[in-house]
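**Student:** Guided by the hints, dock chain Y onto chain W, whose structure is given.
Here's the letter readout for the chains.
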Amino acid sequence: MATAYILWVTMVLEIKDLRVEFPSRELGERTKLAVDGLNLQVRPGEVFGFLGPNGAGKTTTMNVLLGFVNATSGAASIFGVDVRQPIARQRIGYLPEMTYYYKFLNTEELLRFYARIFRIPSPERERRIDAVLQLVELESARKRLIKTYSKGMQQRVGLAQALINDPDLLILDEPTSGLDPLGRMKVREIIQRLKEQGKTVFFSSHELGEVETVCDRVAILHEGRLRVEGRVSDLVQEYQCNLEQIFLKIIGHLAPA
Amino acid sequence: MNNIFALAGVVIKELYRRKDFYVLFVMTAVVSLLLGSVRFFNDDKIVRFIKAACLLLIWISTLVIAITTAARQIPAERESRTIFPLLAKPVSRWELIAGKFFGCWLACGITLVVFYLFFGLLTSSYEHHWPVATFFQGIWMHWVFLAIVIALVLLGSVVFTAQSSNATISFIVVVGILFAGRHLHYVGLGMNGFGGEIVTAVYYAIPHLEWYDMRDLVIHDWAQIDWIYIAGATLYGALYTGLLLGLTWMVFRRKTLTL
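Just so you know, the protein sequences line up as chains W and Y, in that order.
When the letters of the first sequence are read in order and numbered with the numbering used here, they come out as residues 13 to 269.
When the letters of the second sequence are read in order and numbered with the numbering used here, they come out as residues 5 to 263.
Looking at chain W on its own, in the form it has when it is part of the complex:
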């Protein structure tokens, strides 16, 4: 009961005044600002769409959340744990935009390796591997080396590894990019299923129709700053147009009505 209460009151993901600067490659400029004073909260059980044009700072923010990049200032936490601590990533699953897995391993070995990292006990580990392989429909190819897989299959390996620890928060970086319509439908189904299970999903995407369908709340980032945040239905009502048009207005490519 106490655990359930803590889970409810704690924000799954919290970003406070996040600022990220990189050394600039341009002459006369010392640093380049990637994210500027970002504040964001994601609640338990939400499907949160993190939107913005290319170069808006979405991937940089995700990189901070995953510990790949250090913030210049500000703070970020996952389940109340500072993202700089590896333990913050114990309850998350991450699917990168492209497939980056050990090509010399087969899917079963890869999942076993990742499951071991999450300290999943051995009998449970095998059960989880079977379950995720069934979910992404890769059971028959589980012994094949990943390098022999098609792009779609590799993307499904990505989903399988992201789900191996039965995560409470799933971070997906453009999960449907490069997938065929069937693959996209499958990803949407999985997100929907996770939502029904009460899991939290935080994902970036350029497929705004898809975002409108699956997301509870969205945030639109532009030039490193948060421009708008809110429930999809509220935003649609407020702007009197669909999410794509809202997006274009925010980034200045469509005149306000």
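Warning: the hint list may mix true and false statements.
What the hints assert, rightly or not - Computed footprint of chain Y on chain W, listed as stretches where at least three residues anywhere in the stretch have a Cβ under 8 Å from a Cβ of chain Y: (1) 111 to 118; (2) 122 to 130.
Said to hold, decoys possible - Straight-line distance between alpha carbons at most 27 Å, and here's what the computed BS3-like set of lysine-lysine pairs gives: (3) 261(W) - 198(W); (4) 155(W) - 259(Y); (5) 159(W) - 49(Y); (6) 115(W) - 259(Y); (7) 259(Y) - 28(W); (8) 17(Y) - 115(W); (9) 159(W) - 17(Y); (10) 259(Y) - 44(W); (11) 23(Y) - 115(W); (12) 207(W) - 28(W); (13) 163(W) - 49(Y); (14) 155(W) - 17(Y); (15) 115(W) - 44(W); (16) 17(Y) - 163(W).
Claimed, not checked - Looking from chain W toward chain Y, a few residues come up when the C-beta cut is under 8 Å (computed): (17) 75; (18) 78; (19) 101; (20) 248.
Hints in this document: simulated from the structure, not taken from any laboratory.
Beta carbons: idealized from backbone N, C-alpha and C, even for Gly.
**Tutor:** Using the frame of chain W, we list chain Y on its own:
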């Protein structure tokens, strides 16, 4: 330790699935087998020469395996971007470095045991005695030597951008220490003033890899070394390995990794 061993397991798995490793491994094993089995008219000098050549080949091969394997670990993870799904899991950067180190070191240990086993079985069967303790000391010191080399190469892999430049520089540094390390002190003593002090400081700062070269012990069937010296050299090796891995972590821990 769980994560470190899991990572080490992947390093070993990658190594035995790579073809270039097998080529070097099989080539050295076959040459060791051939050289070790040759005996010219029972002439001891020729036998010793062949044993020396055989051990030199084992040293070069294991050094090449250790350097090339360690040099590619972190850069390959970054280039293939496998580092991103890995570090998105509860793995610290220290565990990543330690896992890579243990994987390379264990793989080199297995390779060493196989090479020395080939060599030992053949030479012992011809010479009708089995100097187990001497062989053990030779293998152990060789393995400690490889630990320092692997840690040095891992440090290079987070400093240099290209794997090839790291491998080349590491090879030159290691061979340089093996050949010139012991003489630096005399050079420093022979020089006057600040230059001499610099050379003496370098002599004390570098890891003395030449201490771990026990080939003569095996070649000439000398009596085994007192275990206290072996323990001292092991401790010295462990300290340098720890120091180099610590430096690797300090460089790598704040490094920005961007997709």
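**Student:** Please flag the earlier hints that this structure goes against, numbers listed from lowest up.
**Tutor:** The structure breaks hints 3, 4, 5, 13, 15, 20; every other hint is satisfied.
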